[in-house]
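Based on the provided sequences and hints, a complete structural model is requested.
Those protein sequence lines, which keep their order, are chains E and Y.
Counting in our numbering, the first sequence runs from 118 upward without gaps.
Counting in our numbering, the second sequence runs from 13 upward without gaps.
None of these hints come from the bench; they were simulated from the model.
The hints are all genuine.
Keeping only pairs whose Cα atoms sit at most 30 Å apart, straight-line, the calculated DSS-like set for lysine-lysine is: (1) E:LYS329 x E:LYS273; (2) E:LYS490 x E:LYS382; (3) Y:LYS83 x E:LYS273; (4) E:LYS490 x E:LYS372; (5) E:LYS372 x E:LYS273; (6) Y:LYS79 x E:LYS284; (7) Y:LYS83 x Y:LYS96; (8) E:LYS284 x E:LYS329; (9) Y:LYS164 x Y:LYS79; (10) E:LYS284 x Y:LYS83; (11) E:LYS382 x E:LYS372; (12) Y:LYS164 x E:LYS372; (13) E:LYS273 x Y:LYS79; (14) Y:LYS96 x Y:LYS79; (15) Y:LYS153 x Y:LYS83.
Which chain E residues face chain Y? A few, computed with CB under 8 Å, are given here: (16) SER144; (17) ARG229; (18) TRP391; (19) VAL394; (20) VAL470.
Between beta-carbon pairs, the in silico distance windows are: (21) E:ARG245 x Y:GLU364: 32 to 42 Å; (22) Y:PRO237 x E:ALA352: 51 to 61 Å; (23) Y:PRO237 x E:VAL452: 47 to 57 Å; (24) Y:THR381 x E:SER246: 50 to 60 Å.
Even glycine gets a Cβ: it sits at the ideal position worked out from N, Cα and C.
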Amino acid sequence: MRTFAIISMLAWRNLWRNHRRTIVMVSAITIGVWAMIFMSALMRGMVNDMVRDGIRALPGHVQVHHPDFRDDPSILNLIPTSDSVLTAAFSQAGFDGWSSRVKVPAVISSERESRGVTLIGVDPALERSLDAVGSQIAEGRNLEDVNDGGVVIGRKLADRLDTEIGKRIVLMSQDPDNEIADRGYRIVGLFEASLEQVEESFVFVAKATLQKMLRIEDQVTEIAVLASDYRNLEALTEQVTGLAGENVEVLPWQKLNSYLGSMLKVMDGFVLVWMIVIFLALSFGLVNTLAMAVFERVREIGLMLALGMRPSNILGQIIVESLLLLVFGLILGNVLAWASIVPLQDGIDISAVAQGMEMFGASSVLYPALELKDMITANVIVLVLGFFASLSPAWRASRYEPIEAITKI
Amino acid sequence: MNIIVLLAWRNLWRQPRRTWLTIGAMVFSNALLVFMISIQFSTYELMIDNTLQAFTGHIQVQAPGYKDDLKMRQLVPDVRSLAKSLRRELGLETIAARAAAFALASSEERSYGLQIYGVETRYESLVSTIPGLVRDGRYLKDPDASEIVIGKVLARNLRVELGDEVTLLGSGRDGSFAAAIATVVGIFDSGVAAIDRSIAEVPLEFFQDVFYMEGAGHQVVIAAPDLESVAALKRQVEDVVPAGLVVHDWNALQPGLQQAIQADISSAFFMYGVLVVLVAFSVLNTQLMSVLERTHEFGITMALGIAPGRLGRLVFLETAFMGLVGLFLGALVGGMITEWFGYTGFSYPGMEEMAANFNLPSRFYPQATLLTLFLGPIFVFAGGMLAAIYPAVRLHRLHPVEAMRVAP
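Next up, the structure:
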């Protein structure tokens, strides 16, 4: 213990013999660590946002469909079990939120224009528990009950159709016998969403009204269930499978939207690669600094060895010196990262490239997300890899032959 | 001057380990930059080409506002003769007229909404890759036949095969009810689900009949020979096009494309910037050390009458030598890595799903160009030179007598 105290003291004093070099190295580590954490926070923020928006658009973390529905979203691929049986089962299960819905492709026509949309029949009471897209009403009102005769469309779609609240539109789809099913609806509300594409493609009506129009009594095409956490959905998927009856496909969101699912995984890999790259760029400077420090002190090291200091203590001294540098850099880097992210908590406006971000599936405000996990990863990488990088110069220092070292000029 | 050059070069190799470590930092960053920038640039090119060649073209003539609203009544009157006169005036064949409408397509079993395009059967294949992607059957031939070509996913969803009839329901130009029956003659497979699911093409004259277009259409699509000629071509088109119509280039037609690239570039350049700064610190440390340890020596040379400015130049020259070795070695290593992946293809887990979103294949074959080889390394070099300023300037504060007193 005393030996450790001595070598730590020696390492500490040695660091400040050449304070310029130490300051330059600590600044480099600080900037590297800051960049690791700051960039990760930006990336995490973007992906979290995308996942959150994506899950709201799906909606839900786990969905139930007829096995063919996802490839062929047709009214013919209904969930076999009747809606009332499902409702009884699902409302007992104590989910954070769930909703059974009718989702079909349809054509919406105003007086002037027609568009293809996804028509969704919802139970407004259940839908509220899902926090799905369509619930942010910008103008007018939301649907009130399952028999509401109104329709809620996106703001953007209303523009495209040249229509507004109070006007009538016609929705056209097919019934199970492939007869055209159509009905006029009055627009009662306009919703807003962070992605234009969502505002353009989703149209909401009351579930019972739509079931009547499509002539499917008491049946639905989709059940969405909300989990408390968006990771680890195996247990929930199993529970839902138990409730959903025969001949259905139950999938978590990562499978329903494979782009988002892989995005999340790619981002984990990316954050790690980024941190390692930064560290490697730093490691050259670190090894260099330590090598210089050893080189300048050859005579001194030789003297210490000649006086009986063990080589392992020399090794330890150089490693402690390196770790002190790293710890300094880490502390400053972490503080700097924290200090630069906190003022950005309200979001960074990147609307200049909004349509480009929409191609990524991201919105035009970026909220950096400082995650403890990433901070820990960054610190561990720097310390562990830094330790290994300092082994080589430290080893060389401890292997000097005392006589040769002392006589070296 | 020659002596200074020689001096600088020799000084570098007094501490070969230190010099190589500093150069190593440069080579590492440079190789990484070359590889990343090569991938990025070849991806962007592919992304633009794939997106534009599929359907959009490089330039379109439209009615004002059509681009944003896609409304049926935002018309280009007499669209076929406009396309014809453009072909004549510009001496370019790759120009085609189109009309577009939204319709409900019904087969015997299913109905789906789709975007239906009336196209000039003779010219469409010159501006879009879709005609060439017909896997089953053939593309449209007669300008007024009641024929339709649809995407693979749509065909599967509608449960139709070649020769089956599809009923189209929509609203015509004046908002009145439009209906027609067309025979499926071809099924295309673009590999982009969004296109294969929602686009169908019919002959323009047939379209104009069904939707009461009275000769009008919605766009004249122009494919330029390459991206560089778009700006010049656009000006030529503007001269020919009658008043009341607007000319958009691909940037205006697909604003997301350019912005996605911009967003990607700016986040990437932030990362590259950090790398450059870290290398600069490495150089700063090395040069600062090498200046400090030569204090005694510099004192003597100054006492012998060499101006601090010349010593400063020496330090810069040393840095430049290191930087140049790093630059060329880095470009070489980076170029080799890029060539290797250009040969075997580059991919990472999860890339397929992400790439599909941007009309990209699931494997990249990066190409190194002169730009991508040297863009990154030049910034690293410049960063290193900036870092040498502080050690060089310190020399001016050196007093010969005091400096000589410092132990060698």
